[in-house]
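A.B. asks: Below, each chain spelled out in residue letters.
2 protein chains.
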Amino acid sequence: MSTLTFPDSLPSPADDCEQLHKAFQGWGTNEGLIISVLAHRPAPHRREIRRAYAEIYGEDLLKSLDKELTRDFERAVLLWVMDAAERDAVLANEVVRKWSPGNRVLIEIAVARTAGELFAAKRAYQARFKRSLEEDVAAHTNGDFRKLLVPLVSSYHYEGSEVNTSLAKSEAKMLHEKIKGKDYSHEEVIRILTTRSKAQLLATFNDYKNQFGNPINKDLKSDPKNEFLSALRAIIRCITCPERYLEKVIRLAINKLGTDEGALTRVITTRAEVDMKQIKELYYKRNSVTLYHSVKKDTTGDYEDFLLALIGRDDA
Amino acid sequence: MSTLTFPDSLPSPADDCEQLHKAFQGWGTNEGLIISVLAHRPAPHRREIRRAYAEIYGEDLLKSLDKELTRDFERAVLLWVMDAAERDAVLANEVVRKWSPGNRVLIEIAVARTAGELFAAKRAYQARFKRSLEEDVAAHTNGDFRKLLVPLVSSYHYEGSEVNTSLAKSEAKMLHEKIKGKDYSHEEVIRILTTRSKAQLLATFNDYKNQFGNPINKDLKSDPKNEFLSALRAIIRCITCPERYLEKVIRLAINKLGTDEGALTRVITTRAEVDMKQIKELYYKRNSVTLYHSVKKDTTGDYEDFLLALIGRDDA
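So the sequences go chain by chain: A and B.
This note's numbering applies: residue 1 is where the first sequence begins, and numbers increase by one.
This note's numbering applies: residue 1 is where the second sequence begins, and numbers increase by one.
Honestly, the hints are just simulated from the structure, not real lab data.
Honestly, I wouldn't trust all of these hints.
Any copy will do: because identical chains look the same in the list, a pair fits if it lies in one copy or spans two.
[Claimed, not checked] Calculated pairs, DMTMM-like style, for lysine to aspartate or glutamate (alpha carbon to alpha carbon, straight line, at most 25 Å): (1) 256 - 136; (2) 182 - 275; (3) 182 - 227; (4) 178 - 144; (5) 182 - 144; (6) 130 - 162.
Just need the whole structure built from these sequences, with the hints factored in.
C.D. replies: Below, the structure written as structure tokens:
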């Protein structure tokens with residue numbers, strides 16, 4: 001569920017554009033006004049604002065914002081003004097160009113989205129970058145990670161609830177054998193994790209636990225320093241409970257010495273209208289402090305105000 | 001271009017349904033009437049007929065046809081009545097369940113279609129079979145073929161005309177090195193062939209010829225019995241000139257001892273409204289006999305009449 005708050009009646013897109021234009025005028029920028037408009041409008045309304053702005057002022061709102069704002073606040077506002085698909089495309093492109101084995105953003109975008117959302121992101125990627133996401137991932141990754149990430153971003157997953165229980169049993173066994181033999185990047189492991197539907201994989205993971213005693217992710221923790229194992233666990237967590245996975249991403253971003261603003265901004269802008277309410281609840285349960293409080297403590301200025309506006313009230 | 005012929009003014013879908021229903025009545029089926037209706041209606045009109053038929057007679061037209069018709073004629077008519085995406089889904093499912101290294105149908109469907117057509121086929125596949133195409137291909141193939149076919153059916157290719165010439169140069173060099181070293185299933189070869197856009201690949205193949213003297217497909221002919229090499233050549237031919245590739249599929253189907261009706265039906269039903277005119281021209285150039293004449297000679301009865309109706313006049 002969304003954490004966004006709106007005025008009882010939304011101003012027209014043209015009125016909102018006028019406010020934004022006013023915020024850009026004169027000496028200095030009125031960041032507060034920008035936040036009060038953009039952070040309190042749902043996605044379809046923001047899209048209308050962007051369209052109206054281009055029509056009235058002859059410039060993409062993203063460009064005007066880019067000129068006026070700076071640093072973390074700028075990045076957060078720009079991502080927020082984009083459509084969800086465009087935002088994912090931009091985030092994916094950012095990471096693919098400087099990809100490293102420790103980066104989990106492609107997994108987040110490929111797995112913690114619906115098949116339709118991922119497909120929309122891939123279309124947006126092509127429209128913006130004139131290449132396909134899969135071709136860039138294939139060209140910028142290598143070894144076992146390439147074997148894993150290319151099918152992960154390529155597959156168009158079935159999303160029905162049908163489950164084949166005997167298949168779940170046999171594939172759970174297959175996963176267990178390969179994990180036991182430390183053959184983590186075996187092509188059958190990759191095939192199962194990257195092509196099966198989420199419903200089927202949940203059945204497989206449940207069967208794994210029933211047959212072999214441990215949750216599969218526990219068996220994948222044999223070497224905490226192995227980035228490939230960590231990537232497999234991230235995939236499995238994004239399948240079994242994306243909100244819990246994203247809570248951890250936020251927690252690590254906040255607890256990191258110096259705060260990982262990139263991750264914090266990414267998760268908050270991509271999930272505010274999706275499941276931020278659940279993430280906030282999980283955050284409070286796990287950290288005994290509200291996400292609002294943690295963000296307030298770890299960030300400053302307009303960036304702080306903007307993130308707090310997106311995550312809504314100081315509750316769990 | 002299409003080879004279909006239509007009456008000057010198309011009857012209403014309801015009138016066509018009445019004719020079809022009449023053809024199913026009484027003793028025996030009036031195959032001629034079925035052909036005269038269905039083989040002379042464009043795809044959107046056939047879709048309307050199918051919708052109207054279900055509404056009027058409470059049964060899917062496919063089911064009624066299935067009861068009335070038999071053998072090659074039945075298969076051809078059923079495929080023809082389906083939407084293009086549904087047809088590709090059914091054809092892909094047929095081959096994936098009994099896949100063998102010599103089968104090229106998945107390549108034909110993955111490469112001789114636009115990215116949008118392949119995506120539509122994948123959606124139709126899920127709707128009909130409650131699984132994804134990529135998961136079935138991954139589960140039913142193995143070894144090098146799996147490494148090749150899974151990304152081939154998974155990728156959503158960029159279709160713009162932008163070409164990166166220095167990339168074409170470096171990837172042509174990479175392909176040449178691997179081919180020279182007989183390392184045909186090297187992951188870089190597969191990456192390039194399965195993820196790059198067609199425009200980019202054409203530039204790469206041209207560069208290959210310029211740099212190294214031979215067309216790439218000539219260098220991939222070192223072992224004519226190697227099915228994997230033959231699959232790579234099929235991919236490259238479907239990229240460079242799908243009509244020429246499909247002409248060859250038809251030629252081999254006709255020249256085969258006993259005729260390969262499966263392949264003949266597949267290519268004619270899938271291409272009649274796409275590029276059958278070009279295929280006919282290429283067929284005549286290559287065989288010095290019209291496709292019409294060859295099909296007439298090699299097939300009989302209603303099946304013959306139906307295919308001839310789809311490929312249009314006896315010209316080149």
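A.B. asks: With identical chains treated as interchangeable, where does the CA-CA distance between residue 130 and residue 162 reach 25 Å or less: within a copy, between copies, both, or neither?
C.D. replies: Between. Shortest inter-copy distance 7 Å satisfies the 25 Å Cα cut-off; intra-copy 36 Å does not.
A.B. asks: At most 25 Å between CA atoms: does that hold for residue 256 and residue 136 within a copy, between copies, both, or neither?
C.D. replies: neither (29 Å within a copy, 42 Å between copies)
A.B. asks: How do residue 182 and residue 227 come out at 25 Å by Cα distance, when the copy is not named: within, between, both, or neither?
C.D. replies: Intra 14 Å, inter 32 Å, cutoff 25 Å: intra-copy only.
A.B. asks: Should residue 178 paired with residue 144 be assigned to within, between, both, or neither, using CA atoms and 25 Å as the limit?
C.D. replies: both (15 Å within a copy, 20 Å between copies)
A.B. asks: Check residue 182 against residue 275 for me: Cα-Cα at most 25 Å, and say if that holds within a copy, between copies, both or neither.
C.D. replies: Classified as neither: same-chain Cα gap 35 Å, cross-chain 51 Å, threshold 25 Å.
A.B. asks: Quick one: residue 182 to residue 144, C-alpha cut-off 25 Å, is that within a copy, between copies, both, or neither?
C.D. replies: For residue 182 and residue 144, both the intra-copy (14 Å) and inter-copy (22 Å) Cα distances are at most 25 Å.
Checked against the numbered hints given earlier, this structure breaks hints 1 and 2; the rest are met.
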